[in-house]
Amino acid sequence: MPAKQANLLQGTLDLLILKALATGELHGLGISRRIEQITRGTFVVKPGSLFPALHRLEEAGWLSGFWGDSENHRRAKYYRLTKAGGGQLERETEEWTRVASAMTHALKAT
Amino acid sequence: MRVLSQSRSALRNIFRKRQAETQLDDELRAYVDLVTDEKIAAGMPTTEARRKALIEIGGVEQVKQAVRDRRAGFRIELLWQDLRYGVRQLRRNPGFTATVLITLAFSIGANTAIFSIVNALMLRSLPYHHPERLGVIFTQIRGPVTSDERHHVNGEQWELLRDDVPALLSAVTGSRPSGVNLHAGSYVGYVRQGRVSRNYLDVLSIQPLLGRNFSDLEDRPHGPKTAILSYGLWRGDFGADRDIVGKPILLKGEPYTVIGVLPEGAATPMDAEVYTALQPTQDGEGGGTNYELIVRLRDGATWQQADAQVNRAWLSRKGRYELGENPGAHVSYYTVPLQQGQAAPLRPQVMALMLAAGFILLIACANLAGLTLVRMLRRTPEVATRLALGASHWQVQRQMWLENLLLAVLGGAAGVAVGFIALRGLLRLLPEYFLPVSGVGLDGRVLAFTLIVSLLTSVLFGMLPAFATRRLDLRSAIGTRTSTGTEHLGLRQALIAGEVALTIVLLAASGLLIRTLIHLQTLPAGFNPSGVMTARVSLDDARYRDAAAFRKLLQESIAAMRRIPGVQNAAVGLSLPYERALNEGGITISDGKETGQGVVVDAVYVSPAYFSTLQIPLLDGRAFTDADGPNTQHVAIVNRTFARKFFRGANPIGRHLDKGMVIVGVVEDVQLVSGLNPVAPLQSEETLYLPATQIEGSMLSMVHVWFQPSWIVRTAHPVGGLTAQMQRALAGVDPDLPFSGFYSMSDVLAKSVATQRIEVALLGAMAALALLLSAVGIFALVANVVAQKTREIGIRIALGSSVRQAMVQIGAPGVRAVATGLILGLVLCAIALRAMRSVLYGIAVYDPATIVGVTLLLIFVAVIATIIPTLRIAGIDPAQTLREE
Chain A
1 MPAKQANLLQ GTLDLLILKA LATGELHGLG ISRRIEQITR GTFVVKPGSL FPALHRLEEA
61 GWLSGFWGDS ENHRRAKYYR LTKAGGGQLE RETEEWTRVA SAMTHALKAT
Chain B
1 MRVLSQSRSA LRNIFRKRQA ETQLDDELRA YVDLVTDEKI AAGMPTTEAR RKALIEIGGV
61 EQVKQAVRDR RAGFRIELLW QDLRYGVRQL RRNPGFTATV LITLAFSIGA NTAIFSIVNA
121 LMLRSLPYHH PERLGVIFTQ IRGPVTSDER HHVNGEQWEL LRDDVPALLS AVTGSRPSGV
181 NLHAGSYVGY VRQGRVSRNY LDVLSIQPLL GRNFSDLEDR PHGPKTAILS YGLWRGDFGA
241 DRDIVGKPIL LKGEPYTVIG VLPEGAATPM DAEVYTALQP TQDGEGGGTN YELIVRLRDG
301 ATWQQADAQV NRAWLSRKGR YELGENPGAH VSYYTVPLQQ GQAAPLRPQV MALMLAAGFI
361 LLIACANLAG LTLVRMLRRT PEVATRLALG ASHWQVQRQM WLENLLLAVL GGAAGVAVGF
421 IALRGLLRLL PEYFLPVSGV GLDGRVLAFT LIVSLLTSVL FGMLPAFATR RLDLRSAIGT
481 RTSTGTEHLG LRQALIAGEV ALTIVLLAAS GLLIRTLIHL QTLPAGFNPS GVMTARVSLD
541 DARYRDAAAF RKLLQESIAA MRRIPGVQNA AVGLSLPYER ALNEGGITIS DGKETGQGVV
601 VDAVYVSPAY FSTLQIPLLD GRAFTDADGP NTQHVAIVNR TFARKFFRGA NPIGRHLDKG
661 MVIVGVVEDV QLVSGLNPVA PLQSEETLYL PATQIEGSML SMVHVWFQPS WIVRTAHPVG
721 GLTAQMQRAL AGVDPDLPFS GFYSMSDVLA KSVATQRIEV ALLGAMAALA LLLSAVGIFA
781 LVANVVAQKT REIGIRIALG SSVRQAMVQI GAPGVRAVAT GLILGLVLCA IALRAMRSVL
841 YGIAVYDPAT IVGVTLLLIF VAVIATIIPT LRIAGIDPAQ TLREE
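First to last, the sequence lines map onto chains A and B. For the first sequence, my numbering begins at 1 and goes up steadily by one. For the second sequence, my numbering begins at 1 and goes up steadily by one.
Derived from the structure by calculation, the hints contain no laboratory data. Certain hints may be false.
Said to hold, decoys possible - Distance condition first, Cα-Cα at most 27 Å in a straight line; then the derived DSSO-like pairs of lysine-lysine:
(1) K52(B) / K46(A)
(2) K46(A) / K64(B)
(3) K19(A) / K46(A)
(4) K46(A) / K225(B)
(5) K52(B) / K17(B)
(6) K19(A) / K83(A)
(7) K645(B) / K659(B)
(8) K39(B) / K17(B)
(9) K39(B) / K64(B)
(10) K64(B) / K77(A)
(11) K52(B) / K77(A)
(12) K77(A) / K17(B)
(13) K19(A) / K64(B)
(14) K659(B) / K77(A)
(15) K77(A) / K46(A)
(16) K552(B) / K593(B)
Could you put together the complete structure from these sequences and hints?
Right, dumping it as structure tokens:
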């Protein structure tokens with residue numbers, strides 16, 4: 001769904017990645033699939049956006065990466081939320097809720 | 001936290017690039033594998049699954065690049081790449097790089113050295129406690145003669161200032177430190193003595209390391225004789241003896257009690273080794289303006305209050321000497337910060353040098369702009385290729401600026417090194433105690449200045465080429481192989497003309513100074529300076545206050561010097577030709593129609609052989625003889641100027657001065673450092689010679705505080721070990737009397753024209769540098785035209801043009817630029833050189849010889865700089881150049 005992808009707001013991807021990792025560690029493909037799942041297929045994140053974002057979040061100290069074995073025994077790079085990342089997720093969620101409710105309110109206004 | 005984490009990543013990305021790359025590789029491979037596994041699990045054939053997975057990822061390389069672009073430190077890495085590319089570019093053009101770096105090193109070096117002096121003199125805060133509260137007093141006179149400068153003060157002014165100006169804590173000193181003899185145990189030395197009033201160290205806020213400052217009692221006339229030692233003298237000559245306070249030392253032949261030692265690093269404007277109490281008076285020394293003043297603003301007072309109090313106190317004086325030669329003038333006084341007051345006499349010279357250094361920088365910039373422009377044009381194909389491959393204009397520009405910046409930083413570093421060496425050479429050139437500051441060095445401010453100058457330079461010489469490449473037409477640039485060399489030729493010619501014009505001004509200015517120095521050094525001396533050796537002795541010594549002891553010393557020591565083998569003659573004089581003499585007023589002519597006229601003259605006491613030893617011609621009458629003693633008729637000899645000025649050319653022999661003194665001879669004028677009416681550094685002044693034997697003891701002790709008489713010997717040919725033999729001869733008469741140093745007459749002359757010599761050396765060096773830079777500029781311009789037009793020249797020669805015609809045609813742009821610059825420079829000279837009037841002697845500001853000489857020199861250098869590159873034309877083979885196309 002490329003059209004929907006284009007609508008991904010700046011910052012939304014970061015929030016989705018943080019959220020996807022909130023339930024546990026995942027590798028790149030896992031994150032992609034998890035985002036697809038929790039947005040009910042609305043957002044499909046392509047590697048070209050996913051990996052730069054992952055590396056940026058890791059450099060910011062919100063994610064930490066490590067190498068592990070996948071369910072079918074392939075070595076893959078896994079990511080998990082750091083303590084700082086957890087805090088960031090909370091802050092961004094709060095912010096997003098505030099903006100979203102404001103937007104909803106604004107669009108419903110007559 | 002986030003910043004920290006990012007910078008750590010940035011460092012890792014830059015320095016562990018390979019590891020980061022491998023990990024990224026692995027990560028993406030794993031992703032592809034996982035997607036493939038997924039598809040195989042969904043029932044797709046293996047190869048098909050892999051292909052689909054790769055399509056889905058959308059190009060592994062692009063993803064990697066996207067990750068790299070987002071990485072922390074990416075920009076730094078890009079900059080690093082550009083920088084490395086820049087370094088490669090500079091190394092590929094060693095000729096260009098070397099020219100630029102040498103040009104920068106010299107021009108920035110000159111600026112660094114000169115700015116160091118400006119910094120030390122005018123900017124760096126003085127090494128005293130709260131220097132901003134220290135000051136001096138300037139006297140402003142508006143009337144028939146106008147002046148505005150720091151004056152020495154007399155005893156009356158000092159007492160008024162001390163008693164009636166509560167806003168200031170004031171102190172006076174002798175006008176400069178004087179050499180005196182110090183005996184301490186077995187040590188006999190000639191040390192710099194500073195005579196200071198009791199508050200001097202309080203004004204400077206210096207607390208002694210040991211002991212105390214001078215007391216009121218000690219600073220009164222005939223008060224107890226006490227001394228304070230500098231830290232250096234105490235450490236060096238007294239072995240840091242902590243019990244020194246209270247002990248006597250033998251200073252000037254008398255016991256002085258040491259009452260204190262200054263702390264280490266304590267600086268004073270006097271910079272003396274031993275301090276004694278000035279004991280200022282209203283008569284004697286204090287009857288004239290012989291004291292130097294320094295003040296500190298007291299806490300709670302303002303400079304305005306101080307100025308008002310000083311004016312009130314000093315304008316109510318009885319003796320208003322300022323009005324003596326200037327009746328009806330309006331006189332006022334005002335305080336000036338110490339630093340400004342100290343630097344004032346040197347400020348014009350230093351500012352002129354700073355201006356000259358600025359010229360050098362501009363010339364260098366013009367050269368570099370020309371060079372960079374040519375280089376940029378040569379790189380047009382490269383730039384066009386980069387643009388065609390998708391580099392943005394900004395990226396190309398950034399690359400160019402980065403290369404300029406690189407050059408500027410390297411050149412700046414080289415400039416600091418050159419400046420450091422130049423500064424050391426310069427300081428060695430200066431006479432001792434010439435600058436009123438103790439140290440000149442490269443401090444943070446100088447380095448900051450150099451950095452700014454370097455960056456400014458890079459902006460200045462980088463700007464033109466940057467503008468030139470901005471309007472690059474991609475299609476035509478890629479079409480032509482190289483530029484033809486005529487682009488921006490007009491611009492380059494204008495740059496050359498500008499630098500030639502500035503060079504002319506510098507050359508003319510230094511030419512005028514050289515002519516002034518030659519004039520001063522070749523003035524008819526009035527005596528024979530070759531073969532004369534002189535040595536100075538301090539007679540400010542208790543043993544020689546008595547006139548009889550003084551006469552005995554002179555007689556015996558002169559006789560001993562005459563006995564040195566090879567010595568033809570020996571004499572003593574209070575001062576020498578080329579030196580400043582004692583100015584004496586209060587002498588009156590006591591007969592004839594000039595009766596009662598007071599004269600102010602240079603007074604010199606001499607031993608009988610003074611004139612024959614120095615070979616000053618006797619014009620009329622007789623010289624002094626051994627028969628002129630204390631109890632015989634008092635006699636005097638005058639010089640030609642004295643006779644002309646006071647007797648209007650009538651024969652002065654037999655005329656009387658001060659009633660009892662008769663003039664017995666007239667001698668030729670000699671050149672002196674002017675003291676009476678300074679219109680030139682060296683001139684002949686009305687001089688009165690007196691026999692040393694007829695000077696009273698009270699007069700001797702006063703003049704010996706200010707002047708150290710010189711022993712003079714003449715030899716027919718150089719005598720080995722002469723100075724040692726002179727010292728031995730003196731020691732035979734008085735073993736406790738050291739010579740302060742030995743000087744030939746050319747040393748004395750060199751010292752009196754030191755300022756002029758320094759001006760010539762500095763400005764001459766700058767002018768030479770400017771000339772060199774201009775020559776390089778012209779050379780580069782013509783050489784470039786030759787290189788770019790090789791093919792055209794080949795065709796011309798093939799079609800029958802002679803090599804000479806081709807040379808003229810190619811050299812023409814350079815010649816035109818120089819001609820324009822020459823005319824512009826002469827116009828600039830006409831405007832600017834007038835400012836030099838006050839430092840020129842014996843020549844006019846628009847000295848035709850200088851102007852013609854400078855013009856010829858420049859034309860000569862320009863012609864050589866033009867011809868050398870055009871010589872390559874002769875080596876051009878038409879057939880080969882045509883085949884190359």
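**Report entry** Pairwise hint evaluation, K46(A) against K19(A), where the allowed Cα distance is 27 Å at most
**Finding:** Given pair K19(A), K46(A) holds - Cα atoms ~17 Å apart, limit 27 Å.
Query raised in the report: Is it true that the CA of K46(A) sits at most 27 Å from the CA of K64(B)?
Result: This hinted pair holds, its Cα atoms lying about 13 Å apart.
**Report entry** 27 Å limit on alpha-carbon distance, applied to hinted pair K39(B) and K17(B)
**Finding:** 33 Å, violated
Query - 27 Å limit on alpha-carbon distance, applied to hinted pair K19(A) and K83(A) - result: 13 Å, holds
Query raised in the report: Is K39(B) within 27 Å of K64(B), Cα to Cα?
Result: 23 Å, holds
Requested in this report: Please work out if K659(B) and K77(A) have their alpha carbons no farther apart than 27 Å.
Outcome: Outside the cut-off at roughly 116 Å; violated.
**Report entry** Pair hint outcome, K645(B) versus K659(B) [Cα-Cα no greater than 27 Å]
**Finding:** Status holds; Cα separation ~20 Å.
Query raised in the report: Are K52(B) and K46(A) close enough, with their CA atoms no more than 27 Å apart?
Result: 14 Å, holds
Report task. Compare the distance between the alpha carbons of K77(A) and K46(A) with 27 Å, and conclude whether the hinted pair is satisfied. Result -> Given pair K77(A), K46(A) holds - Cα atoms ~17 Å apart, limit 27 Å.
Query raised in the report: Does the alpha-carbon distance linking K46(A) and K225(B) stay inside the 27 Å limit?
Result: 98 Å, violated
Requested in this report: Starting from K52(B), check that the Cα of K17(B) is at most 27 Å away, please.
Outcome: 31 Å, violated
Query raised in the report: Within 27 Å, alpha carbon to alpha carbon, are K77(A) and K17(B)?
Result: It holds: about 18 Å lies between the C-alpha atoms, which stays within 27 Å.
Figure legend: structure checked against the earlier numbered hints; hints not met, in rising order: 4, 5, 8, 14, 16.
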